[in-house]
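Asker: Those protein sequence lines, which keep their order, are chains A and B.
Just so you know, we're using full-length UniProt numbering here: the first sequence kicks off at 1 and counts up by one.
Just so you know, we're using full-length UniProt numbering here: the second sequence kicks off at 1 and counts up by one.
The set of hints was computed from the structure by calculation and includes no laboratory data.
Errors might be hidden in some of the hints.
Claimed, not checked - Across the chosen pairs, the derived CB separations fall in these ranges:
#, chain 1, residue 1, chain 2, residue 2, range
1, A, GLY129, B, THR52, 49 to 59 Å
2, A, ARG246, B, ALA295, 55 to 65 Å
3, B, ARG246, A, GLU54, 34 to 44 Å
4, A, GLY451, B, ALA295, 34 to 44 Å
5, A, ARG445, B, ALA405, 33 to 43 Å
6, A, HIS387, B, ALA295, 36 to 46 Å
7, A, PRO449, B, ARG394, 55 to 65 Å
8, B, VAL435, A, ASP24, 28 to 38 Å
9, A, GLU316, B, PRO221, 42 to 52 Å
10, B, ALA405, A, GLY129, 51 to 61 Å
11, A, PRO221, B, ALA231, 51 to 61 Å
Positions of the beta carbon are idealized from the N, C-alpha and C atoms, including for glycine.
Take a look at the letters that make up each chain.
There are 2 protein chains.
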Amino acid sequence: MEDVLARLHERLRAGLPADALITDADITASYAHDMASFCEAGTPAVVALPRTVEQVQHVMRTATELRVPVVPQGARTGLSGAANAADGCIVLSLTRMDRILEINPVDRIAVVEPGVINATLSREVNAHGLYYPPDPSSWEMCTIGGNIGTASGGLCCVKYGVTAEYVLGLDVVLADGRLLSTGRRTAKGVAGYDLTRLFVGSEGTLGIVVRAVLALRPQPPQQLVLAAEFASAAAACDAVCAIMERGHTPSLLELMDRTTVRAVNRLGRMGLPESTEALLLAAFDTPDPGPHLAAVAELCTAAGATQVVPAEDAAESELLLKARRMSLTALEAVKSATMIDDVCVPRSRLAAMIDGTAAIAAKHDLTIGVCAHAGDGNTHPVVCFDHTDPDESRRARESFDEIMALGLELGGTITGEHGVGVLKKEWLARELGPVGLELQRGIKRTFDPLGILNPGKLF
Amino acid sequence: MEDVLARLHERLRAGLPADALITDADITASYAHDMASFCEAGTPAVVALPRTVEQVQHVMRTATELRVPVVPQGARTGLSGAANAADGCIVLSLTRMDRILEINPVDRIAVVEPGVINATLSREVNAHGLYYPPDPSSWEMCTIGGNIGTASGGLCCVKYGVTAEYVLGLDVVLADGRLLSTGRRTAKGVAGYDLTRLFVGSEGTLGIVVRAVLALRPQPPQQLVLAAEFASAAAACDAVCAIMERGHTPSLLELMDRTTVRAVNRLGRMGLPESTEALLLAAFDTPDPGPHLAAVAELCTAAGATQVVPAEDAAESELLLKARRMSLTALEAVKSATMIDDVCVPRSRLAAMIDGTAAIAAKHDLTIGVCAHAGDGNTHPVVCFDHTDPDESRRARESFDEIMALGLELGGTITGEHGVGVLKKEWLARELGPVGLELQRGIKRTFDPLGILNPGKLF
Numbered sequence: 001m002e003d004v005l006a007r008l009h010e011r012l013r014a015g016l017p018a019d020a021l022i023t024d025a026d027i028t029a030s031y032a033h034d035m036a037s038f039c040e041a042g043t044p045a046v047v048a049l050p051r052t053v054e055q056v057q058h059v060m061r062t063a064t065e066l067r068v069p070v071v072p073q074g075a076r077t078g079l080s081g082a083a084n085a086a087d088g089c090i091v092l093s094l095t096r097m098d099r100i101l102e103i104n105p106v107d108r109i110a111v112v113e114p115g116v117i118n119a120t121l122s123r124e125v126n127a128h129g130l131y132y133p134p135d136p137s138s139w140e141m142c143t144i145g146g147n148i149g150t151a152s153g154g155l156c157c158v159k160y161g162v163t164a165e166y167v168l169g170l171d172v173v174l175a176d177g178r179l180l181s182t183g184r185r186t187a188k189g190v191a192g193y194d195l196t197r198l199f200v201g202s203e204g205t206l207g208i209v210v211r212a213v214l215a216l217r218p219q220p221p222q223q224l225v226l227a228a229e230f231a232s233a234a235a236a237c238d239a240v241c242a243i244m245e246r247g248h249t250p251s252l253l254e255l256m257d258r259t260t261v262r263a264v265n266r267l268g269r270m271g272l273p274e275s276t277e278a279l280l281l282a283a284f285d286t287p288d289p290g291p292h293l294a295a296v297a298e299l300c301t302a303a304g305a306t307q308v309v310p311a312e313d314a315a316e317s318e319l320l321l322k323a324r325r326m327s328l329t330a331l332e333a334v335k336s337a338t339m340i341d342d343v344c345v346p347r348s349r350l351a352a353m354i355d356g357t358a359a360i361a362a363k364h365d366l367t368i369g370v371c372a373h374a375g376d377g378n379t380h381p382v383v384c385f386d387h388t389d390p391d392e393s394r395r396a397r398e399s400f401d402e403i404m405a406l407g408l409e410l411g412g413t414i415t416g417e418h419g420v421g422v423l424k425k426e427w428l429a430r431e432l433g434p435v436g437l438e439l440q441r442g443i444k445r446t447f448d449p450l451g452i453l454n455p456g457k458l459f
Numbered sequence: 001m002e003d004v005l006a007r008l009h010e011r012l013r014a015g016l017p018a019d020a021l022i023t024d025a026d027i028t029a030s031y032a033h034d035m036a037s038f039c040e041a042g043t044p045a046v047v048a049l050p051r052t053v054e055q056v057q058h059v060m061r062t063a064t065e066l067r068v069p070v071v072p073q074g075a076r077t078g079l080s081g082a083a084n085a086a087d088g089c090i091v092l093s094l095t096r097m098d099r100i101l102e103i104n105p106v107d108r109i110a111v112v113e114p115g116v117i118n119a120t121l122s123r124e125v126n127a128h129g130l131y132y133p134p135d136p137s138s139w140e141m142c143t144i145g146g147n148i149g150t151a152s153g154g155l156c157c158v159k160y161g162v163t164a165e166y167v168l169g170l171d172v173v174l175a176d177g178r179l180l181s182t183g184r185r186t187a188k189g190v191a192g193y194d195l196t197r198l199f200v201g202s203e204g205t206l207g208i209v210v211r212a213v214l215a216l217r218p219q220p221p222q223q224l225v226l227a228a229e230f231a232s233a234a235a236a237c238d239a240v241c242a243i244m245e246r247g248h249t250p251s252l253l254e255l256m257d258r259t260t261v262r263a264v265n266r267l268g269r270m271g272l273p274e275s276t277e278a279l280l281l282a283a284f285d286t287p288d289p290g291p292h293l294a295a296v297a298e299l300c301t302a303a304g305a306t307q308v309v310p311a312e313d314a315a316e317s318e319l320l321l322k323a324r325r326m327s328l329t330a331l332e333a334v335k336s337a338t339m340i341d342d343v344c345v346p347r348s349r350l351a352a353m354i355d356g357t358a359a360i361a362a363k364h365d366l367t368i369g370v371c372a373h374a375g376d377g378n379t380h381p382v383v384c385f386d387h388t389d390p391d392e393s394r395r396a397r398e399s400f401d402e403i404m405a406l407g408l409e410l411g412g413t414i415t416g417e418h419g420v421g422v423l424k425k426e427w428l429a430r431e432l433g434p435v436g437l438e439l440q441r442g443i444k445r446t447f448d449p450l451g452i453l454n455p456g457k458l459f
């Protein structure tokens, strides 16, 4: 065992600078986890921090030669354990490959390395009058490579879609160290099967993304937010359906339930209205948002809103968004532990999903706060529990699972944007069914015949 | 041979109604081709016209049992030979599976069978205040199944993207007759590898699409078009770059060169300005298009436009679009034959692409008309030639190839929206490179181990 480890270190050293390799077990252990709770994680054998494509290729060639598993990592802000270490693995951290290689306003693309922070890219393209929409709550920390691996979403999706829609082409180091280029720099392209899209959301199980061509949009005006209070989640969901049915295109349509509102107030002293059962935030980023907001206000009132308050200006809008972005963190502070679901249902079934979640909470005598990208039908029920209480922990796990079962029952998916990782492996099999699972495994074998890329994830 | 054919007919008959099978060789022969010129096509053994998923499954089970190739077909309006028959194949025509199963304005989705005509769906969803953007020039004839198979584009793409972006989920009959469901009905979803996207553009080589969940958008206002004349294609391309660089979002940005303009006038008496070297059409479908059109007019003038004429109203706009949609047909009438390229380059390289195409035409002493989805950098150089003249035919083929080589050199792709089919097989290998090609073949084997699905296409 010692020999194997020594050999691995020696081979890696042959192609990496000294500062690109961490072998000290105390330090490597700190790379074991992403931010998901209650996911198994192994002990890494070594952490590699390459700066170049060639160095990544060296790591993968070594891994193939010695049959060592490789777990790619970005900022480890993921919520499903997809970046958790496997025992004896090479952790391949891409955080040092953090250059923005090109921003091209005519072609509306950026070319980046995987370790670029989402917020860094966003600000950089803003300076060119451009916009990179995907904005997961962790956007100040998470990397583009991680966003691609988990197919991240965010608050913008109801108008602008998810990460997948912004990835045009990729350079990928394969399991055996060969370099693959997929996709394009062009606005369109249909040459062969869409391998680019296959890598997005593949959680590091098919290859290591070392470069990405991203699509950009013109920067829209800053969005103006409206807040509406409802006496029930169902009424808020009615408003969501009405807004979408009438053909509005909000840049954001978010829901926070009573538990979430209170948790956010407790954490951030945000002064949100605590008497409301459901707070709906809607925003528009068009040049003249007034008429849209007025129409939405009317639809909210018609659906039973008890109060509709448009933000005075961009600053007040930003404050409301800040409150919304704080939701998961705030809910994490309610009890000693949380499990965060990510069920997405057709938006016409949103009320059924939220009411069903409340019923699950009542049945198990648990606090489950729900915040949701309501316009997308994407709910994040957060099961709050005391992890030192075995019975409560058991009930929490059961609720977590029942919420996914409910989502599937309502025609939804177990994951709208957080991915599968370790946390939802069994549920993925359930959602895909045997035929889908068999084909997915076949694709995995095509790209990674030795099974060294992020083993134990997805399947 | 006779025995084999008789056995095939007998087995197919066992699971298909009598009117769903054509065995008369005179009629089956009429199913040999799509609309691509100069592509090899074999002789079908039989044509199956199923109405149900079960019937499609029966066809595929039979094909697997007897190891008979299957060539799926929609309206056969494709331009790359992807729907051309293979010798002794079952032609599987999906045209009778033409039901729109659901239109849901809250979830903004439609569920359709593959044989639904694009224009039928478009009109049907319009009646619900919704919009299905993909609009290939053949939209009055082509089917949604064919659009999915070839990943069709159209005039709308500069603002609304291609078919791929509107396919949320699929039901697919696999090579062995099993039914696979991919994707979702929800706005978002990242459960496992994106098999849905893998099928889009796969030209019937991975499975038979029998049902699709499509994303819809709110119907925008009718677009208003502006026409600008330029003394050179390069100047028109400068205008295109300026428009996109300044952050405009036209709903259409199309270019027709002098050859195309004249051909359209000859075919349709459209009264387009024949003195122009390049005619640029730009449109906006926002509620208040005036200021956008004025800004674009200014940018066109700054780029050297000799004339800028905004359409008076929606009717005049529609006339200009009609002229543009007529382009390929009009160019086909210039000489006895045409070969239609579909090269897409980064839009910053559009001028180089068009000028390079003109140089190729001059070198080979040929007429090559160019119309382009200029906003996407997607050019359709149409090589016009006399197919009874062997030397001119040879030069035409050489030009056709040189145009693709130029596209790749400029960082583009050999196909922006028409697909690979038979026509560009060798060029696909060149664009993908050996590593990409190997992986694509691996995916093909995973889905179709016997190689019975549309053999000889793509690779």
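Asker: None of the hints should be skipped; say for each whether it holds.
Answerer: These are the hints, each one checked on the structure:
no. : hint                            : in the structure
1   : A:GLY129 x B:THR52: 49 to 59 Å  : holds, 52 Å
2   : A:ARG246 x B:ALA295: 55 to 65 Å : violated, 29 Å
3   : B:ARG246 x A:GLU54: 34 to 44 Å  : holds, 39 Å
4   : A:GLY451 x B:ALA295: 34 to 44 Å : violated, 55 Å
5   : A:ARG445 x B:ALA405: 33 to 43 Å : holds, 35 Å
6   : A:HIS387 x B:ALA295: 36 to 46 Å : violated, 58 Å
7   : A:PRO449 x B:ARG394: 55 to 65 Å : violated, 44 Å
8   : B:VAL435 x A:ASP24: 28 to 38 Å  : holds, 36 Å
9   : A:GLU316 x B:PRO221: 42 to 52 Å : violated, 31 Å
10  : B:ALA405 x A:GLY129: 51 to 61 Å : violated, 35 Å
11  : A:PRO221 x B:ALA231: 51 to 61 Å : violated, 36 Å
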